[in-house]
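If you want the building blocks of each chain, they are given just below.
There are 2 protein chains.
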Amino acid sequence: MTAKLDRIHDEDLRGRVVSAESAASWITDGMTLGMSGFTRAGDVKAVPSALVNRAAHEQFKVNVFTGASLGSDIDKMFAEAGIINKRLPFQADPVMRKKINQGEFMFVDHHLSHTSEWIRHEVIEPIDYAILEAISIKEDGTIIPSTSIGNSLVFAEHAKNIIVEINTAQPELLEGVHDLYSPAKQGERQPIPLTKPEDRIGEQGIKVDTSKIKGIVFTHQEDSPSTITQPDEETKIMADHLLDFLRDEVKSGRLTEELAPIQSGIGSVANAVLHGMVDSEFEHLQVYSEVLQDAVFDLIDAGKVDFASCCSITLSEEKMKQVFSQFENYRDKLVMRPQEISNHPEIIRRLGLISINTALEFDIYGNVNSTHVSGTKMMNGIGGSGDFARNAKLAIFVTKSIAKDGDISSIVPFASHIDHTEHDVDVVVTEQGYADLRGLAPRERVPQIIENCAHPMYREQLWNYYLEALEHGGQTPHILEKAFSWHTNYAKNGTMQERTLEMV
Amino acid sequence: MTAKLDRIHDEDLRGRVVSAESAASWITDGMTLGMSGFTRAGDVKAVPSALVNRAAHEQFKVNVFTGASLGSDIDKMFAEAGIINKRLPFQADPVMRKKINQGEFMFVDHHLSHTSEWIRHEVIEPIDYAILEAISIKEDGTIIPSTSIGNSLVFAEHAKNIIVEINTAQPELLEGVHDLYSPAKQGERQPIPLTKPEDRIGEQGIKVDTSKIKGIVFTHQEDSPSTITQPDEETKIMADHLLDFLRDEVKSGRLTEELAPIQSGIGSVANAVLHGMVDSEFEHLQVYSEVLQDAVFDLIDAGKVDFASCCSITLSEEKMKQVFSQFENYRDKLVMRPQEISNHPEIIRRLGLISINTALEFDIYGNVNSTHVSGTKMMNGIGGSGDFARNAKLAIFVTKSIAKDGDISSIVPFASHIDHTEHDVDVVVTEQGYADLRGLAPRERVPQIIENCAHPMYREQLWNYYLEALEHGGQTPHILEKAFSWHTNYAKNGTMQERTLEMV
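Residue numbers (full-length UniProt numbering), protein chains in the order written: chain E, 1 to 504; chain W, 1 to 504.
You may find that some hints are simply not true.
[To be verified] With a straight-line cut-off of 20 Å between C-alpha atoms, the simulated DMTMM-like cross-links for lysine to aspartate or glutamate are:
1) E:304 <-> E:257
2) E:319 <-> E:301
3) E:377 <-> W:468
4) E:482 <-> W:481
5) W:251 <-> E:125
6) E:61 <-> E:80
7) W:251 <-> E:117
8) E:207 <-> E:232
9) E:86 <-> W:444
10) W:482 <-> E:481
11) E:214 <-> E:157
12) W:400 <-> W:244
13) E:160 <-> E:122
14) W:321 <-> W:301
15) E:492 <-> W:481
16) W:99 <-> W:117
17) W:185 <-> E:257
18) E:236 <-> E:248
19) E:333 <-> E:175
20) E:86 <-> E:29
21) E:214 <-> E:301
22) E:251 <-> W:125
23) E:251 <-> W:122
24) W:196 <-> E:117
25) E:377 <-> E:80
26) W:214 <-> W:10
27) W:185 <-> E:29
28) W:492 <-> E:468
29) W:377 <-> E:481
30) E:185 <-> W:258
31) W:99 <-> W:73
32) E:185 <-> W:199
33) E:377 <-> W:481
Simulated from the structure, these hints should not be mistaken for lab results.
Just chain E, same shape as in the assembly (with noise of 0.2 Å):
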């Protein structure tokens, strides 16, 4: 216990150390959390966990805001036990994914720059208990974060008390890798003051009136590792044709050697596209993203990345080993913010981001779904990508052109929900190819998308649609009747090919 005392650097926390189930005692029916963590990393793992074993022998239901999704199976723990009122703003969890398009509870689907202004100007519940993981507390109460930050400022700034959990499985010497900096509310702030991914503008930890600190609780438990899959043939395919779209791009003249600031979503696809080069010619590439996948850490492992700035490091198991131990060859590279400030809108139009993020799906005109399978049913959310596709320099989506051994095409008359409209969808990659949509009407992205990124065994029947579409005239071309009719054919007959329509 004295060598984990010594992560409290203030001797009056040390008293306030106590187990898990009885922080979790104090939560009560219809209290409003916000916890740590950001898809799987730094979320905190010890009060969910005793919080899910009272709803054993006791009914109550809380509200769960946190910074994206979480590791630990705490989402599928708390959605089990059926103790959600609200949960906000991003989840990857399948059991809960299954019982919110059930409707067992809401979830409110939210840009994750937007969070934080909800909190701060009073929009959303407030916070009664921030629980935050943390490597250490200091001498004077800062609470120095592990591997993401999320929204944990704007949760201790604003939550009446704090619990923190101490892990002492995380690297300590993630500390002053942090960057912690919070906009005065809107009308009365100054512009951050952030040019450059690797500039530090903030705090190395969670400054706290040390009086919210109700509770302290040590945990010794590694995040869960990420669950992205290896790149693949498709997806080395998929990096080439994005590597082509950048040659082009600085051949023209439009980008330097050094491209600018990258972003890149969350899971397999971006991951392995953004892996792709570490085999190219680009080099001193900068990340200004939320999310580092291990993709980022073999670009510096390969000399192609100087700088990396996010505001969580999620890695697969093997990674997290390398990675955290020689923690020191990287920590000089890397800046970990809010995720009001990677996300925010100021700093992606200023940097000039180009953005990588996973489409479930796009339409002939470029709208893009990222969130709802066959329109209805919530996949994980929009997290970053809307914050990122509106603001950024490019805004590209990748994806893979069919799903389901060919029997979804990725690309689709009318995508069945739109999370990225036509205006702010500049490039869209599959392993067929990739379509340039800037300064293009809709009737001149159409071939672009149908050539370039629809499956071969699925262009004719996109023309198809088009060409009778287009008959009705229109800006945008559409036969109503029909624009859904790929997603319900799949519905009724397994497919979206129309072999089987006319078969049936």
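Fit chain W to the supplied structure of chain E, relying on the hints for placement.
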């Protein structure tokens, strides 16, 4: 001519005065023109007309880029003459609209804050001729714009050649109202040093390399007055609902009595809703908007608005006379900026704007269509609504609940085109009431929208759709087979009302 020549303060430049016909003769097939003009204000008038005249005996096509829509029937004449290849980023002319929807030329419907970035970073065609209306040219060649700035600064900076139209019908007192600020390239720029609507951060005119000024044309022609209709009983009721919402925000402490800087979109409904504040208790208001329409000057006259920032002043005939005949009363309360700055995400987020824009239709989940009639036919364009809605503190959309005597419901199951996604829409207002969607999951938004915003004649029909969809579950329940049935019913039977469907 002497009096006119006094408007050119540089001796050398006086020698470049030419006729509109001469200036128009320099423009050749395939060129790209960057023309001043934003919602009928400050558009160039003589050179475009002379260019149209050439089309009677000569075949050519040009790209026409502007700030926003033009007056003086320029867009109509261009469209009729068939001399356009590509038009961007906005228009509002019925003849042009028809040609766009027939696919006669390409219309790129673009966020108004983005065009400047595309030009600066050479994403779209380079500007061959910037053609800019001015009130004068100073000793050092600085061009003083007239009633709009729009994209004129970026056009002038990047054009190969510049033609200036000095319009002696425009009030000279406008000099000093303009504030021209141009960000450096993305990745090289500093924060935009603007923290209050009244801040002046740039120059009073457009500083150019005078060697690029190829010709100067004199005109004497007032701007086309705006075509807005006066507030009616329904828009007054809508304004009252909006005021009720704002009062609740003040009561809850989320806004002060001075509210927050207001943006209001172009058009009669947004103007009328803003006008409704004249008789409200709110005072010391500030406006940070694109276009100032009549209502803002009524609010200044009523002592309600202290200061207004804009990129264009577009008034009705009567209001134009009143404002410009006593402009000394207004000029200290106004600043006019490039549309890149009036619509900049950095500033919109920093100031925490209250943004009020008009919707064509919205759906039961809060997705908004601003542009496409029945999902296919372009109305005007997205304009700045996306710039504001995406980054404002409060993104409010207003529309009447029905159109065409009730045959169209503005609230539909699935918006037939989506310009603003559910993630970006905070409040929707009709003459029926308002729905505050903040913090609500999709299923929670439905009753708010149906009960508070839909017309009573359509409420049951909306509930029927939703309740049937709900049986299938999902975060966002839909029946894709029927999602656009209201639109297709209207196309076939002239009404969205189901009774007709049943009778068929």
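Has the given pair, residue 214 (chain W) with residue 10 (chain W), been kept, meaning a C-alpha gap of at most 20 Å? Holds: residue 214 (chain W) and residue 10 (chain W) sit about 14 Å apart, inside 20 Å.
20 Å Cα cutoff - pair residue 214 (chain E), residue 301 (chain E): This hinted pair is violated, its Cα atoms lying about 42 Å apart.
Given hint residue 481 (chain W) paired with residue 377 (chain E) - CA-CA distance at most 20 Å: holds (16 Å)
Holds or violated: residue 492 (chain W) with residue 468 (chain E), Cα cutoff 20 Å? Measuring from Cα to Cα gives roughly 18 Å; hence the hint holds.
Satisfaction of hint between residue 117 (chain W) and residue 99 (chain W), Cα-Cα up to 20 Å: violated (27 Å)
Is residue 251 (chain E) close enough to residue 122 (chain W), meaning Cα to Cα at most 20 Å? holds (12 Å)
Restraint check for residue 304 (chain E) with residue 257 (chain E), where alpha carbons must lie at most 20 Å apart: holds (11 Å)
Are the Cα atoms of residue 99 (chain W) and residue 73 (chain W) separated by 20 Å or less? Distance of about 15 Å is within 20 Å: holds.
Taking 20 Å as the top limit, are the C-alpha atoms of residue 377 (chain E) and residue 468 (chain W) close enough? holds (16 Å)
Hey, residue 321 (chain W) versus residue 301 (chain W), does the alpha-carbon distance stay inside 20 Å? holds (15 Å)
Pairwise hint evaluation, residue 301 (chain E) against residue 319 (chain E), where the allowed Cα distance is 20 Å at most: holds (12 Å)
Hint consistency between residue 86 (chain E) and residue 444 (chain W) [alpha-carbon to alpha-carbon, up to 20 Å]: holds (11 Å)
The structure fails to meet hints 8, 16, 21 and 27 from the earlier list, while all remaining hints are met.
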